[in-house]
Amino acid sequence: MNIMNILRRPRAVGCEPVVDTRPLWVRRFGAAVERYIGAERLGLVLALIALSIFLGVWEPGKFLRPVNLMNIALAISITGLVAIAETMVMISGGLDVSVGAIVGLSSVCAAMAMVLTDAPLASALASLSLTEPTFQTVHITLHVIVGVLAGLVMGVVAGGINGLLVTVGRMNPVITTLATVSVFSGAAYITTGGQAVGVINDAFNSIGNGRVWGIPIPVLILLVIAVVIGVFLSRTDIGRNVYAMGGNPAAARLAGINLDRYKLGIYILCGLICGLAGVISTARTNSGIPTTTQTDLNFQAITAAVLGGTALAGGKGTVVGTLLGVLIIGTLNNGMIILNVQTFYQMVARGLLLIFAVLLQDWRLRQR
Amino acid sequence: MSIPDTGRRNREVGEPLFEARSISKFFPNVCALDDVSLEVYPGEILALIGENGAGKSTFLRILNGDYQPDRGQLRYAGQVVSFASPRQAHQSGIRVIYQEPELVPTLSVAENIYIGELPRHGRFVDWGRLYREARAQLGQFGFAEEIPPDKMAGDLTPAQRQLVEIVKALKAGVRLLALDEPTSSLSDEEAQRLFTIVRQLRQEGVAIIYVSHRLREIVQLADRVAVLRDGKLVAVVPASQAKEDELVRLMVGRELTAIFERKPHIRPEVVLSVEGLCAPGLRDITFQVRRGEVVGFAGLVGAGRTDLAKALFGCVPLTAGQIKVDGQPVILRSPADAMAAGIGFTAEDRKQEALFPSLSVRDNVSLCILERIRSWRFVQRRREAEIVRHFVDKLKVRTPSIAQEVSKLSGGNQQKVVLARWLAREPRLLILDEPTRGIDVGAKAEIYQLIRGLAADGLGIIFISSELPEVLGVSDRIIVMQAGRITGELLASEATEEAVLRLAMVDHLRREGLPTDSMASVERSVL
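So the sequence lines, in the order shown, correspond to chains Z and W.
According to our numbering, numbering within the first sequence proceeds without interruption in unit steps and concludes at 368.
According to our numbering, numbering within the second sequence proceeds without interruption in unit steps and concludes at 527.
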């Protein structure tokens, strides 16, 4: 806390004008931090650094190994995508607790589509009388496209259902998505008969397990989506209208914003990103799993967004903040595994983290 | 700086009930109260006035236990006190009633009055006794008929809600009652009723602190007037000796001469023409607005002026009639349609319907022009900043930077930000619904000048206000409404407050058989 006070511009306590007596380099450094990280997120960065130092000192042999750090990055890639989607919905004044279910359903859909189209695709290609290597390449490529598209389309459909219920049905977003969690998860179980669906296609599986320049592909995908959504929210007119509608829906309507169209769009975009997360999840585990790899994906996504400063009431939040939130959660999860904390205690710790995040947000609001 | 008290207090009681001694309150970068000493006596109405940001709200919050003073001492009933919470202040008999009364809308009036201590039979609520006692409480002020105790609080009018708050405070044995801008959402008639009640309370020995922007009612009602400016107490004057312009001078620290400049700028072209408009709450509305003309809409609260504004802005569908903008018939299905037709609208309720409190000044101003300053889909940040700065300068918005969160600005500056948003769109017609509500005198004067300046630039303006002096002062022509229809139209040159009020209450006057046509007006189409 002391460091933060030094970095902050001094504030008036009495009625006398304030003189900034800090050394020039501190002032410059403080200004740079404020500009590039943002004063509100500075605490998160410091928390992350403190957590890393603690784990690094406690278990240097385990935590600081590059493999472990890469594991953290890989582990948060799916959570990160979902958290970004959730941040967007929350900024617009909504909440989607069905994100985890959409990931599961999309994951299953991608796998099922690939399994079901395997034989028909092969026989269709066989009639083209291609040479064996070409046949293999075309078959695999088409197969990958089918799988990816199926996952994404499923995400869009699921998001669209949420969006239509919220806009046309005028339903409360939390209740809507609470209901669709059950619908989507049920649909996923029905599709697979409750089993995991295996996928054997190296090209497809490399989406989840491959690397480019030594960086896992899921991490790259997360970074690309973060940049795209970050720019979308902060730089485009659509994004700015999303903040406005979350900040004050009545005023946004009177400013000519078509709220229903925006909400529908946001839920669909959220579904699409969750669909992408579902595809990655299938590719990583070589199978579509209806329960999703992490049942508490919703929970982690919301925790990350709130920790990163996204307002529960809407109108506030950034992708950068959410990414920091995801990093903290990922590091904490990893640290607890390294320190051999039992699973049930981990659950308690995650719950406490969400409570802490909400309290922190409330405290920040009252500070001003 | 306190001037000897020679007010017309009803009872001369030696000891003040409440006394603030040299209290100060600091916030980051602001000194909200600076060495303020003020006392209230039982059976006295003390008016507290000052521009927004002068420290009135802070004073009330300290009184209420919301804030603790950083320096100084509070004395209540002869003892040094410090209230840690509003609850403690309530228990000592201090009650602050804010602009928006805090009733539970889904509970009945009686339950609201007795909330927390409902009369009981064993474990069960004694409904019979509850309603009987609530009716008796309301009956003290002669409102038992008008406000049935079993009515839902959410169905009450603002005036009735305020009354219920007062009854609730009295039932709890209030000794010091503070009212924060109680008349801001009341009609003149309702305000008069409130004054009767406040006087009745004074008679009963309650000490009353009355915060208001309306100087006329203060002079009429209060015993003493305390003036705050920039956190300092600049004067305490007996109301009997106070003059409105003198109070204004004390509040702003400068002379406000010629608030209203009214050189006509009316041009022949008709911007807006409304014929036979009917919509929910509106009947057969016909009028025109020319370029450069300010048309004032007067009427009592509930006369349908806001409904008309919303209908013209595409918020509610018309059931009949036609709207033409620049001679072209337009169909307005949504605010977006109205904006495309060149109409701008600042809503009456700034916090609920106009402002984005969590966003910056920049985002608030540029919101409606984003589609004009984007290349492909990206907002051109530099151009946006230029435009926003231009309007912030033009409207003299006082803000440290355009990145400032708008919720931190004062009411007047927030209103200017909302105005800037619409001016940036360069509309043909601007509908201003109560643009000066809850803002201080200085900012009001600036907004009047701005409206006249916009008219000079050729904008057509519909100016809705419940404050008659400003409607008369700013408008070129005044249209008066009652019960969803137009009851008359007056040229500003021939309008008087009396003439406007007669038209605004034409139905009541008819019912009582009083003359309604004794003024030089163009009274029309009374169905």
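What the hints contain is simulated information worked out from the structure, not anything from laboratory work.
No experiment lies behind these values; they were computed from the predicted model shown.
Beta carbons: idealized from backbone N, C-alpha and C, even for Gly.
There could be a bad hint or two in this list.
Said to hold, decoys possible - Ranges between beta-carbon positions, derived for each pair:
1) Z/58 <-> W/125: 34 to 42 Å
2) Z/356 <-> W/68: 57 to 65 Å
3) W/244 <-> Z/175: 32 to 40 Å
4) Z/312 <-> W/243: 32 to 40 Å
5) W/340 <-> Z/198: 39 to 47 Å
6) W/116 <-> Z/363: 22 to 30 Å
7) W/88 <-> Z/364: 21 to 29 Å
Q) Per the hint of 32 to 40 Å, is the separation of the Cβ atoms of residue 244 of chain W and residue 175 of chain Z within bounds? A) Since residue 244 of chain W and residue 175 of chain Z have Cβ atoms about 54 Å apart, the given range 32 to 40 Å is violated.
Q: For the range 22 to 30 Å, tell me whether the beta carbons of residue 116 of chain W and residue 363 of chain Z fit it or not.
A: holds, 29 Å
Q.
Given the hint of 57 to 65 Å, is the C-beta distance from residue 356 of chain Z to residue 68 of chain W inside that range or not?
A. violated, 28 Å
Q: Go ahead and decide if the range 34 to 42 Å is satisfied by the Cβ distance of residue 58 of chain Z to residue 125 of chain W.
A: violated, 59 Å
Q) Measuring from beta carbon to beta carbon, are residue 340 of chain W and residue 198 of chain Z in 39 to 47 Å? A) violated, 55 Å
(Q) Assuming the hint says 21 to 29 Å, is it satisfied by the Cβ distance from residue 88 of chain W to residue 364 of chain Z or not? (A) holds, 27 Å
**Q.** Outcome for the supplied range 32 to 40 Å, where the beta carbon pair is residue 312 of chain Z and residue 243 of chain W
**A.** violated, 51 Å
The structure is inconsistent with the numbered hints 1, 2, 3, 4, 5, although it conforms to all the rest.
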